[in-house]
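Chains as they are written, first to last, in our numbering: chain A, 1 to 425; chain B, 1 to 299; chain C, 1 to 276.
FYI, nobody ran anything at the bench for these hints, they're computed from the structure. Built from N, CA and C at the ideal position, the CB exists for glycine as well. Where hints are given, some of them may not hold.
[Unchecked claim] Derived list of chain A stretches under chain B, where covered just means 3 residues or more per stretch with a C-beta under 8 Å from a C-beta of chain B:
#1 42-50
#2 69-82
#3 100-111
#4 226-235
[Said to hold, decoys possible] Part of the chain B face toward chain A, derived, beta carbon under 10 Å:
#5 Pro48
#6 Arg61
#7 Leu128
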Amino acid sequence: MWKYLLIGSLALVIGCSDQQDHQSPDLAVLMVWAHAGQAAERKVLEQQVKRFNSLQTEIQVQLTFIPEQSYNAQVQAAAVAGELPDMLEFDGPFLYNYVWQGHLEPLDKLLSAKLQEELLPSIQKQGHYLGKFYAVGTFDSGLGLYARRSALKDSGVQIPSGPDNAWTDDEFATVLAALASRDPDGRVLDLKLNYSGEWFTYAFSPLLQSAGGDLIDRNDYQSAEGVLNSPQSVRAMKALQHWFTRGYIDSNVDDAAFVSGRVALSWAGHWEYSRYAEALGSDLALLPLPDLGKGSRTGQGSWVWGITKHSKNPQAVVRLLEFLLQPNEVLVMAAANGAVPATRTAIARSPLYGDKEPLQLFTRQLQGGFSVPRPQTPAYPVITSAFQQAFIDIRNGGDIQNALDKAAAEIDQDIRDNKGYPQVD
Amino acid sequence: MRQPLLDSRNFTAAFMSAPALVGLLLFVAVPFLFAVALSFTNLRLGSPLPLEWMGFEQYRRIFSDPSFVRALLNNLVFVVVVVPLQTVLALVLALLLNRRFYGTTWFRTLFFMPVVFPLSLVAVVWVLIFAPGPNGMMNAFLDLVSLGSWTPRDFLHDPYFALPAIMLTSIWQGTGFQMVILLAGLQAVPAELYEAAAIDGAGRRQQFWHITLPQLRNTLIFVVLVTTILAFRLFDQVQIMTQGGPYDASTTVMFETVEAAFARQQVARGAAMTVILFLVVLLITWLQRRVARQEREVT
Amino acid sequence: MTHRLFVPMIYLCLLLFGLLFISPIGFMLAGSLKPDARVLVEAGDWRAFWPAGVTLDNYRDVFARVDFARYLLNSLFINGMIVGAGLLVNSLAGYAFARLLWRGRELLFGLVLAVMIIPLEAIAVPLFYMVSLVGWRDTYLVQILPFIANAFSVYLFYTYFIGLPRELEEAARIDGAGVLRTYFSIILPNAKPVFATVAILTFLSQWGAFLWPLMVTSSETVRPLPLAIATFHSLPPLQWGDILAFGVMMVLPILVVFLLFQRWFVRGVAHTGIKG
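Assemble the whole structure, with the sequences as input and the hints as a guide.
What follows is the structure, given as structure tokens:
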């Protein structure tokens, strides 16, 4: 008797989990995965999906938010199971790995040529791999130093006017020292240490490039040895570690170091703009990252949308993509997360990114060659994982050469294990 | 062991034990054999390249990987520190509570409360307790008890404090469980033994060493075994509190395994690590059984 | 040691330990009732435990930010199924091993004991691969089925049943009752403590399940609470008050259940193989 109950209830569970498959045939149900990012961003996306669903009757979109921390692992797991959604959001540099694994459908013929031309060059470039276009973002990212203008003035330091005259390493050290001397706990710089994972690569690999180093040799993407652990890269990480050892960095456990006024500088992305602007008003300044010798360098690339091979209805997904890329929708998202709008029309209409507007630095960085895309290779997941580990060791005061040697060796081992990531069809 | 009832109806027995046996076979034995097999390959999640036989290469690699060796070492340190500390603490609490006076139930409940906290929640709350700076609760507490001579630390990012911080959370969460089991063991000790000892003029201390401890022996062995095995499975707190850092100071075998298999998609490498984990647990179980048997022969 | 001071000494010790044990809980409770900004600022002194100006905003936020009820129901359902089905399946096997004579018994019981020391963690990776291949990812089933059969539970039932007086069953057999009927009508009513113990042990070990659901689930429709708190923790903006409120809500129902059944548990432990 108990046994039948058990079997019955198990059958019930299995039945429940299968239910979604039985939908009416003329209604296309699209599964969409997005990362659980900033609250405002999530809310806008939810509303956009709701709008899309109510605008037409043939397509219903089901949106699932996946935590950012384990996003790639989730995608991989679903791929093994053959359960990728129709439309997948992912962090830009993971594109090359996903293409190599054969998960993505090219967009060249699906997305209209007009719309493709509308996109920012940085987004076009990031979405292309081996001659095909695979993913499109509705915004690009911006990374810079948010500053409390009044604190800088009090300390008597010069404020850079743009990416071409960013503070040098020495100037930045002087700025930090000057700020620290007037700060009760001496902690004046917020590096968003409360984040984890991809943030470390996104935010701090530009330092390598600014010093003349890099994550990997970009000629053939076959080796990190001699690049990631080059003297230039070591010098960049030394500068970073120096800020830690001098006690300039706030650990930002509450994610309020900058808005509560504890620090005068915050190394952060576009997504903090609205919160910071609200807290500081006109006292907020946006500055380029320091220049370690080869000019200021910054991050680029953001979360993008791709259509998976798993999708039975790519045409329907394209309609959703086109909807999300309409100027109005792009602007709604940009207004919520402060990101650089992805289309030229939207940028022209943006209240934040035009000439003389507060976030103009981000557009200048993207268009003036100051931003560096993360390595366009299927090895990226391992590159970023290795660099993150090295960053953590370095921030905690570990030996820099050691940490970078270890990371480079791990990356090279992975590339060898995958036979250099040959293209497989 | 007593003779079971004579019943030769094989079918009934098979019917009764089949669900459990099939479950154990499908979900424990087969995956384990699968893990052993995978560990000799180069399987990577999602890779379009063909699968290759690697022999012992994965094992050679993980043992030449300083992070994995450190992880094993951390697990060992964790066991060597936490198991005795937690057991002694639980025993002390159980002894204190093993008498009838007002409030014992309250205290027992209190010490048991952390047990119902999922480890992931424990980890999140303790991240806050270990907050750096003089305002952090742990820093403030240490400042108080050291009469102001404590310099605030960032525990979870300090190579000397990250692992101890995790240990503390484990002890906080796990002691209550051990205590309840030891308490049950204490209450099963026949009262006549103590009465006889009291008549012979044995003091409290003597009673503890000559009656309580020997009577608790099996309970203690059980408790130590379970805590040891749990210690080798340490993962949740590491994942949430320190991510294994700084420089592997708090990494564990399970953390390295999950990192390899998921963050880096190296399933075969992860499988090799889990095989090592199994061997270690096997060794410990075997050692502990031997120790237990020897003691039995002695007493 | 004088007798007069003995009890006060014990109280003092207990109080001291009690304070250490309860302070994280007090901190969590108090923090969940204050505005986010004050949680960390006030963590360094007595105000950490005192929510001046109580507000329920954090609790409201939790409900607004995540579907808490859904996670709770998921957890309750998954654990209920594991415990319920596990009790039946494992006790039947334990009984067959303890009381029936059948071919292969010794060998199979030896295998059960061997399987007992394989931790879930040691098989998580291949098990994950297996369930992914059969398409069980992201379901309730994948969080329940692998955990029903449990070697340790079988072992606990075995040790308990083997200690029961055989006269119980002999009477039933003389009346002509079959094995299964004997089991359900005679053994079950006499084995409440071991059922209580196994139920609670299973529940405790599964309630906090984190690693496995992290690997096999992705949508919140099937995710359990422990994942929710970790996700919530990493979901910007970081609001400690909300996180603590989430924690309180997550642990409160279980705490109440345990306060009610604590006595059962202690009694059960005292009657099973655990205590030696």
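A quick look at each hint next to the structure:
Chain B is given as covering the segment 42-50 of chain A, and this is violated because 0 residues of the stretch bring a CB closer than 8 Å to a CB of that chain, at least three being needed. Given as covered by chain B, the segment 69-82 of chain A passes the check, having 7 residues with a CB less than 8 Å from a CB of that chain where 3 are the minimum. Evaluation of the coverage hint for the segment 100-111 of chain A: fulfilled, as 4 residues show C-beta separations to chain B shorter than 8 Å, against a requirement of three. Here's how the segment 226-235 of chain A fares: 0 of its residues keep a CB closer than 8 Å to some CB of chain B, so the rule of at least three is not met and the hint is violated.
Because the closest C-beta pair between B/Pro48 and chain A is about 4 Å apart, less than 10 Å, the hint holds. For B/Arg61, the shortest C-beta to C-beta distance to chain A is roughly 8 Å, which falls under 10 Å, so the interface hint holds. For B/Leu128, the shortest C-beta to C-beta distance to chain A is roughly 8 Å, which falls under 10 Å, so the interface hint holds.
Violated hints, listed in ascending order, are 1, 4; each of the other numbered hints is respected by the structure.
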